[in-house]
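Number of protein chains: 2
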Amino acid sequence: MKEKLDNLRAKLKDIKNLQAAEAVLGWDQQVYMPPGGSEARAEQLATLSKIAHGMFVADDIGMLLDDLAKADYPYDSDEAGLIRVVRRDYDKARKLPSELVAELSRTFSLGQQIWTKARAAKEFDQFRDILGKIVDLNIQVAEAFGYEACKYDALLDQNEPGMRTAEVRLVFDALKSELVPLVQAIAKQDDKVDVSCLKQAYNETDQWDFGLIPLKAIGFDFARGRQDRSVHPFTTTFSINDVRITTRVFKDQFPSALFSTLHEGGHALYDQSGAPSLEGTFLAGGASMGVHESQSRLWENVLGRSLAFWQFYYPLLQEVFPAQLGNVDIETFYRAVNNVEPSLIRVEADEVTYNLHIFLRFELEQDLIEQRLRVADLPDAWNAKMEAYLGLTPPDDAMGVLQDIHWSSGLMGYFPTYALGNVLSLQFYQQALKEIPSLEEQFSKGEFGELRAWFKEKIHRHGRKFTPNELVKRITGVNELDARSYLNYIKRKYSKIYVLP
Amino acid sequence: MKEKLDNLRAKLKDIKNLQAAEAVLGWDQQVYMPPGGSEARAEQLATLSKIAHGMFVADDIGMLLDDLAKADYPYDSDEAGLIRVVRRDYDKARKLPSELVAELSRTFSLGQQIWTKARAAKEFDQFRDILGKIVDLNIQVAEAFGYEACKYDALLDQNEPGMRTAEVRLVFDALKSELVPLVQAIAKQDDKVDVSCLKQAYNETDQWDFGLIPLKAIGFDFARGRQDRSVHPFTTTFSINDVRITTRVFKDQFPSALFSTLHEGGHALYDQSGAPSLEGTFLAGGASMGVHESQSRLWENVLGRSLAFWQFYYPLLQEVFPAQLGNVDIETFYRAVNNVEPSLIRVEADEVTYNLHIFLRFELEQDLIEQRLRVADLPDAWNAKMEAYLGLTPPDDAMGVLQDIHWSSGLMGYFPTYALGNVLSLQFYQQALKEIPSLEEQFSKGEFGELRAWFKEKIHRHGRKFTPNELVKRITGVNELDARSYLNYIKRKYSKIYVLP
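Top line first, the protein sequences correspond to chains U and C.
If you read the first sequence in my numbering, its first letter stands for residue 1, the second for the next number, and so on.
If you read the second sequence in my numbering, its first letter stands for residue 1, the second for the next number, and so on.
Rather than coming from a laboratory, the hints here were simulated on the basis of the structure.
Treat each hint with caution, since some may be false.
Chain U is faced by these chain C residues, among others (derived, beta-carbon under 7 Å) [unchecked claim]: (1) Gln19; (2) Ala21; (3) Ala223; (4) Arg226; (5) Ser239; (6) Asp242.
C-beta: ideal position from N, C-alpha, C; glycine also.
My request is simple: use the sequences and hints to build the entire structure.
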């Protein structure tokens, strides 16, 4: 068995290297590539994914997996984990023809370029045709994978292994039933949060430099990663020792860059903290997009928007921006960065309304994939749901349906994992608090090492070895996603900021 | 035949895309990769070159080439050019086992990382072992390719197709016989050039920004390329529409960054100006390293260090650096940037002594490859030759044997192409002057379009279609490399700067 496993590992290593190369090309595409490079880049990426896919779906890998199915490695071992995860990936990959894989890559890569221009021009029409193709390709993928209840299940499963649309709907219904009334109750309040301290000009370089301080403090290792600028912030990983994040900085949108840095920093901690034994294997990475997002949302919100965090960082921030914040007390600042207010842009949304943006996308994606909604009608549908959930109408497509990069790069069935991440972040964090009651006291001293170590031990080091449900079970003892911890957290936090019924 | 050619093209396209991916990873490695990423990057590059090589040497490509040998496309056509060039590449590639190709890639990639550290530490000892391995691998490559007169021929042929060591030696002997006495005559002069205007602090950002002005003026297209910083300036190309250059900027080494920008800009013009029909094919790129270098050295020196160039740019430069240059007249500045003086660093050397640096490397490389010199003895040999050619002894290895990136990344048989490029640049430029006598008048008005168009027509658009000798013949009518034009240029130029016998 040892020999067969080594054989499998050797074959997989080349495939992982090709995938890492794809990731480097994707990073460059979004961060530094000149506009002229887009067509050639799309072809390069298509070739890489086609070859990687072709190598992966080879019969001999299937035969090795069949043989290795008889091995009796302990469930928690790297060996058993690898065999499980590769089997799952392999069975899915076998269902996709290599030419479709190349076509996906080429289209998604061009889609990003077209989206960038359409968004700058604020014109959905420029993006419509390629989005139509992207939806069609996603439907083809869903058909190829197969599904029980609905096509969307197949797409969701790519991002959240084992998760079904109906389960997500249950969780989202639970969230909706409390968050929608909460947003309405807050909107009705007389005691508005004063956000004027944020509505000032903040020097971009100073914002960037300040963001690096907590980024390093939470444990991002710059010897094994870097931060650059991009239109849409993201994290990408080429190796446990080369994890890249991006952010964007706007003079008049403080502190958006800081929270984006903490968000991507949360993703990066996950990827920088995998067990070295998983480096370069199919076990490297995160258990799912939702679990990954539990980390980013945790460091961004549960930590980054907490009073404890600012008790430590606010004096430093006041030093960097004395003109803007010198006369603003911490309580005012804390309330300002936690102001709940319906807004148009998901990534700038507060913790509470954020989920409403996800519900909207989750519903529209299903409508597109199940072919109940035509792409041409998407902007109207978007605007109607914005009105229904948030009472707002986007002034243009850039502030509406064109705001996110995801669809342009082919990601459908991905958005729900953001709200699932919120839910998971609190299931995990409640457990961490039980085991380390002094956490918030530590934060107020700028100490994050114990929480980071806890996550490394419980989640990060395992990479993809366990499914999301297995992790939840191992960590919390319960068997499934449960919105209760998250809703309790929201209600507890916001009833201190607002006077709520 | 058409079908077979299309079949060949389709197979080659994936290989070119893999090579472009390699180039992106190589660019990132030198420009943005965090130190932690080096090991994984070496593995990723090794996988890419192994797979590209494996796909290229497949029997079916050989069979297609055999069949296509019978086709009668016109010699100058893309079709005939492709068949010629791919045949040449294929026959060479077939001689290298794929595992050796992966080993080369891995070693060269690690070599660069080790070199970077050794150079920072100024310790050759840290670099010795990997350099030994690199020399061994180069010998293995030479043996695999085969050669008539000497192993070094095989390495030279990789960079300068068809060129033999003995031919290079002839050209270098011609250069030496006049340049060495010239350097000595200049050294003996009483009328020293006053370089004090350059020995001041020049703000790095202003240097960078100023360099962009002539870079754009000579025709570098930023919509299809970019410039970044790196330890060692270089040019790399992922597509005709994505050509990247790098430079380095030092406050106290003005105008090194500017000339480096013009140098790499010259390379980039070549790659940005290939015929669109060659995009993504094996005909994209340059005829040889020497021909490529003829372009970079031309824009850097023949143009960038000419009086005509500075007649246009000096007033602008004075505006950017009034404190440093406001009171310096153009004649003084022109002489300063053309000061001939033996120095330790090749890339900072003046036009005349530059070639001496190349002679040294050419001789040492042959000694290493022919195993007449042990790697452990290289620093002493280097220093002895520096003393012999330039009368200088490096204070440390960073200023001596460790200064160049080339050996660390496996390049041997490459340095001579720099001096060959000097020679070629003048063979071409003399012809351009014959056909367009007003060129220097144009330069003095900041106009470079006609020279650029001439080079595009004569050289750039052809990519790799013709060999260096074919190009020389097509352009100048003579059949070979000839140092005469270059030596005449040097003597004419420097007898105006210095009083020479």
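Can you name, in rising order, the numbers of the hints this structure does not satisfy? 1
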